[in-house]
Amino acid sequence: MAAHRTGLALNAFFAILWRDVVITGREFVPFLLQALMQPLFFLFIFGKVLPGIGLAAGNFAALMLPGIVALTGMIAAMQGVTLPLVLDLGFAREIDDRLLSPLPVWWVALEKVLFGAMRGAIASSVIFPLGKWILGAGFAVRGDRIAMLIGMVVLTGCVGSTIGLLMGTIIKPEQISLMFTLIFTPLLFTGCTYYPWGALGSIRWFQVLTLCNPLTYASEGLRYAMVPPVGGRDFPTLDLGWILFALGASVVVMFLAGCRTFHRRVVT
Amino acid sequence: MRSAPAPNSPDFAISPVPAVSVRSLVKRYPKSKTNAVDAVSFDVPQGEIFGLLGPNGAGKTTTIGVLTTAIVPTEGSASIMGIDVARSPIDIKQRIAVVPQQSNLDRSLKVREILTFHAAYHGVSRREREALADRLLGELGLAERKNEKVNRYSGGMAQRLMIARALMHAPDVLFLDEPTNNLDPQSRLFLWERIRALNAQGLTILLTTHDMDEADALCHRIAIMDHGRILVNDTPAELKKLIPGGTTLEIRASAPVAAEQEIRTRITAALSALPGVSKVDAQADEGDGSLTYRIYADAATALIGPAAQTIFSHGAQVHDLSVKQPSLEEVFLFLTGRHLR
Chain A
1 MAAHRTGLAL
11 NAFFAILWRD
21 VVITGREFVP
31 FLLQALMQPL
41 FFLFIFGKVL
51 PGIGLAAGNF
61 AALMLPGIVA
71 LTGMIAAMQG
81 VTLPLVLDLG
91 FAREIDDRLL
101 SPLPVWWVAL
111 EKVLFGAMRG
121 AIASSVIFPL
131 GKWILGAGFA
141 VRGDRIAMLI
151 GMVVLTGCVG
161 STIGLLMGTI
171 IKPEQISLMF
181 TLIFTPLLFT
191 GCTYYPWGAL
201 GSIRWFQVLT
211 LCNPLTYASE
221 GLRYAMVPPV
231 GGRDFPTLDL
241 GWILFALGAS
251 VVVMFLAGCR
261 TFHRRVVT
Chain B
269 MRSAPAPNSP
279 DFAISPVPAV
289 SVRSLVKRYP
299 KSKTNAVDAV
309 SFDVPQGEIF
319 GLLGPNGAGK
329 TTTIGVLTTA
339 IVPTEGSASI
349 MGIDVARSPI
359 DIKQRIAVVP
369 QQSNLDRSLK
379 VREILTFHAA
389 YHGVSRRERE
399 ALADRLLGEL
409 GLAERKNEKV
419 NRYSGGMAQR
429 LMIARALMHA
439 PDVLFLDEPT
449 NNLDPQSRLF
459 LWERIRALNA
469 QGLTILLTTH
479 DMDEADALCH
489 RIAIMDHGRI
499 LVNDTPAELK
509 KLIPGGTTLE
519 IRASAPVAAE
529 QEIRTRITAA
539 LSALPGVSKV
549 DAQADEGDGS
559 LTYRIYADAA
569 TALIGPAAQT
579 IFSHGAQVHD
589 LSVKQPSLEE
599 VFLFLTGRHL
609 R
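One line per chain: the protein sequences are A and B, in this order. Take the first sequence: its letter number 50 is residue 50 in our numbering, and every next letter is one higher. Take the second sequence: its letter number 59 is residue 327 in our numbering, and every next letter is one higher.
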């Protein structure tokens with residue numbers, strides 16, 4: 001009986017995941033536009049225009065590209081989870097049909113997280129051809145840490161989607177725009193996206209502050225996997241061990257907290 | 269649908285497991301002073317249409333919430349087909365289907381996909397779910413617009429689609445929460461027909477309603493709920509027998525304002541003394557200051573003359589007079605002294 005139940009739950013889980021894949025597949029172009037419009041302009045202005053008019057150093061593009069990959073993946077993952085959840089739990093209740101499927105309630109949250117992470121990873125991946133196209137000769141990614149790069153992209157997606165789960169279960173529909181401003185803006189600018197963490201040494205308080213933002217670790221992790229060595233020396237980043245620990249801890253803590261609030265919202 | 273014997277068939281008596289069983293169920297929400305559901309117990313045998321009837325806030329939807337795993341009871345227990353709801357929610361979800369008060373249809377999917385995905389969630393094979401979706405869309409008159417999204421569906425169509433969705437995984441028990449609320453009369457009749465047809469195929473149905481006609485027309489048995497409690501639980505015919513004498517004479521009258529309270533008491537006493545009268549209720553209308561007397565009696569028709577005469581003799585005016593045949597509305601009024609809405 002237990003095995004039968006697990007089989008039933010697994011089947012429901014993948015059917016629900018398939019639903020999300022089908023819907024996103026149908027709206028793939030809008031999804032890409034939503035995810036890529038901002039990085040496209042960032043890459044162009046910061047990677048092409050500023051160096052071109054002499055306001056940024058030549059290798060700025062190579063340092064910024066990993067940050068853009070991290071930011072794009074994280075935002076795409078968060079948005080893929082937060083917005084539908086806020087609307088669903090707020091009034092639409094379209095999620096009820098999935099909650100009434102034969103699987104544990106927290107698996108529905110897990111599916112959201114997994115799907116969000118997939119969205120994030122896809123959005124991150126598209127930055128690479130986009131970057132090559134915009135930056136041209138300025139596009140530089142080391143080729144010997146591909147496995148680490150893939151791992152970081154996936155982990156970044158998971159970080160974004162688990163934060164998205166927690167936000168989606170806390171925010172009320174009427175608070176959406178306020179919360180996005182209050183959460184996204186600081187996240188965006190304290191996440192070491194547009195500057196490497198090591199360069200902040202002269203503004204120590206800010207350097208410490210950025211350590212509270214999971215995006216910092218994602219950006220630095222991607223810098224570790226992407227920035228080509230100069231003169232045979234690796235570009236200095238946060239310690240890889242700390243990066244992996246912080247990202248892993250963020251995923252676990254946010255997921256557990258998100259599952260708790262999710263459960264409270266759907267079972268009273 | 270798994271077939272179950274109809275309530276009136278001889279096999280019915282040997283069905284040992286009730287489709288739904290609720291024991292001393294209590295739900296108290298945090299910060300609330302009263303229980304939303306207060307010590308409710310009832311059984312629904314397999315193959316029955318059972319109605320929870322009561323005004324808004326009576327505890328009907330909360331009771332359904334507990335039975336459908338969305339609400340955790342504070343005390344007591346509930347089971348479906350012998351399976352404990354709190355202990356085995358996954359098994360329960362596979363055996364029930366829920367049609368909620370407000371549409372919760374998946375607006376990202378097309379109509380037909382809403383059905384096939386629902387079935388996929390419940391492990392119905394692709395071939396089966398494709399065939400069943402087409403059949404149900406046809407039966408419920410939705411086949412022509414099966415590739416649309418539901419945004420443009422009317423309330424009645426959405427309701428039918430939710431019923432089709434509920435049937436996609438062959439549940440044992442179907443929960444309908446206020447199924448015809450806000451529907452036009454034609455859609456309402458269509459839905460009643462469908463509900464009866466589904467029940468005839470063996471499906472056990474538990475519905476909530478605050479519509480007396482609906483409860484009377486559909487349900488084999490009805491539990492009348494008020495303030496979280498079940499007041500009575502019986503067949504519609506038996507419930508109507510609760511009204512003493514069976515018929516009711518209703519008279520709307522007005523008296524001179526100054527003497528209102530005194531005259532009201534005297535009229536009530538005089539009406540109660542008429543032959544065959546078992547109970548008299550008086551209710552004031554705040555708006556026009558009129559009073560409505562409900563006179564419960566064996567033969568209310570015979571009282572028209574004497575009752576009107578009694579009222580005239582106290583100097584009051586009769587505005588309106590009618591004889592009510594026994595109805596659930598009257599039963600509810602009799603039990604609670606209030607109208608349903």
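It is worth saying that the hints were derived from the structure and are not from the lab. Glycine is no exception: its CB is placed at the ideal position from the N, C-alpha and C atoms. Each hint should be verified, as a subset may be incorrect.
Unchecked claim - List time: in silico EDC-like cross-link candidates among lysine to aspartate or glutamate, alpha-carbon distance up to 20 Å:
#: 1; chain 1: B; residue 1: K378; chain 2: B; residue 2: E416
#: 2; chain 1: B; residue 1: K378; chain 2: B; residue 2: E398
#: 3; chain 1: B; residue 1: K378; chain 2: A; residue 2: D144
#: 4; chain 1: B; residue 1: K417; chain 2: A; residue 2: D20
#: 5; chain 1: B; residue 1: K378; chain 2: A; residue 2: D20
#: 6; chain 1: B; residue 1: K417; chain 2: A; residue 2: E27
#: 7; chain 1: B; residue 1: K417; chain 2: A; residue 2: D96
#: 8; chain 1: B; residue 1: K378; chain 2: A; residue 2: D239
#: 9; chain 1: B; residue 1: K378; chain 2: A; residue 2: D234
#: 10; chain 1: B; residue 1: K414; chain 2: A; residue 2: E174
Unchecked claim - If you only want the chain B side, here are some residues facing chain A, beta carbon under 7 Å, derived:
#: 11; residue: I339
#: 12; residue: T342
#: 13; residue: G344
#: 14; residue: R394
Structure-based check of each hint:
1. With a C-alpha separation of about 5 Å, the suggested pairing of K378 of chain B with E416 of chain B holds against the 20 Å cut-off.
2. Our distance criterion of 20 Å between C-alpha atoms is met by K378 of chain B and E398 of chain B, whose separation comes to about 14 Å.
3. Distance check on the hinted pair: K378 of chain B and D144 of chain A sit about 46 Å apart at the alpha-carbon level, beyond 20 Å; violated.
4. Of the pairs offered as hints, the one joining K417 of chain B and D20 of chain A holds, with about 16 Å between alpha carbons and a cut-off of 20 Å not exceeded.
5. A hinted pair counts as satisfied when its Cα atoms are at most 20 Å apart, and K378 of chain B with D20 of chain A qualifies at roughly 13 Å.
6. Between K417 of chain B and E27 of chain A the CA atoms are separated by roughly 14 Å; this keeps the pair inside 20 Å, and the hint holds.
7. With a C-alpha separation of about 18 Å, the suggested pairing of K417 of chain B with D96 of chain A holds against the 20 Å cut-off.
8. Annotation: proposed proximity of K378 of chain B to D239 of chain A is violated, straight-line Cα distance about 49 Å (limit 20 Å).
9. With a C-alpha separation of about 52 Å, the suggested pairing of K378 of chain B with D234 of chain A is violated against the 20 Å cut-off.
10. The suggested pairing of K414 of chain B with E174 of chain A is violated, with an alpha-carbon distance near 33 Å, which exceeds 20 Å.
11. Given the 7 Å rule on beta carbons, the hint for I339 of chain B holds: about 5 Å separates it from the nearest Cβ of chain A.
12. Using the Cβ-Cβ criterion of 7 Å, the hint placing T342 of chain B at the interface with chain A is not satisfied: the shortest such distance is roughly 11 Å.
13. Here the hint on G344 of chain B is broken, as its CB sits about 16 Å from the closest CB of chain A, past 7 Å.
14. A cut of 7 Å between beta carbons decides the hint on R394 of chain B: the least distance to chain A is about 11 Å, and the hint is violated.
Comparing the model with each numbered hint stated earlier shows that hints 3, 8, 9, 10, 12, 13 and 14 do not hold.
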